[in-house]
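Visitor: Letter by letter, the chains look like this.
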Amino acid sequence: MVVNSIRERTITENSMVILLQGLQGEVTTVDLRNESTARGRVVNVDAFMNVRLEDVLYRDRLGQLTQLQDLFITGRNIRYVHIPDHMDIMKTIESQLAKIHRVRNFGSEGGGRKEFAKKTK
Amino acid sequence: MKTGRFEQQPTTNTVEEPLDLIRLSLDERIYVKMRNDRELRGRLHAYDQHLNMILGDVEETVTTVEIDEETYEELYKSTKRNIPMLFVRGDGVVLVAPPLRVG
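Each protein sequence line maps, in turn, to chains A and B. Going by the UniProt record's numbering, the first residue of the first sequence is number 1, and it counts up by one from there. Going by the UniProt record's numbering, the first residue of the second sequence is number 1, and it counts up by one from there.
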């Protein structure tokens, strides 16, 4: 559920991608740069806004519909992501941040390694 | 990353850099000019350093130019649509401003 790379965690924590990561499991519409749209369930969003969708209805710029089991969209190709009406944005961001902090502090109580622990004199 | 109503990071009240001007517009209605002749008008809920934004109650306007083949006149058409809550990727954003007031 949380990415395994420290770099990706830091990127995610410091940008709005964290909200998109909270959309996992929701059905949304993604508007692409090439004027096409993809509506499906969000499987995963990474720090670079690359999105994987499943059970997708893909509408190309001419309006032609295609059904796709699995669709991977490069972050650069995204123009908009429609946020479902029922979503509480603040709660979603807060819970995503909490997940990252839990992972980051994992094992610290048992004397384990802490990511970027402050150096104290 | 800055969000309205709940500050994730402590921020100063002074305007120090251009992004601070956008911070002043949090929870206000704004006008966003985007690439490919698009404009958005909506309420700014959150933004980050890439200008990724969350806009609420958005109206998107897409402007196209058609050229009449006989008279070579330019015909400007605009298409609007409304979206309740939209995440906008920052690399498409050209400028951010308070909504234009028609005097």
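A few of these clues could be false.
[What the hints assert, rightly or not] Pairwise CB distance ranges, derived in the manner of DEER restraints:
1. A:Asn-77 / B:Gln-49: 48 to 56 angstroms
2. A:Ser-5 / B:Thr-61: 33 to 41 angstroms
3. A:Ser-5 / B:Val-62: 33 to 41 angstroms
For the record, the hints were derived by calculation from the structure and aren't laboratory data. Note that the structure is predicted; figures quoted are calculated from it, not measured. C-beta atoms are modelled at their ideal positions from N, C-alpha and C, and glycine is treated no differently.
Visitor: Now tell me, hint by hint, if it's right for this structure.
Guide: So, going through the hints one by one against the coordinates:
1. A:Asn-77 / B:Gln-49: 48 to 56 angstroms: violated (21 angstroms)
2. A:Ser-5 / B:Thr-61: 33 to 41 angstroms: holds (39 angstroms)
3. A:Ser-5 / B:Val-62: 33 to 41 angstroms: holds (37 angstroms)
In summary, the structure is inconsistent with hint 1 from the numbered list given earlier, while agreeing with all the others.
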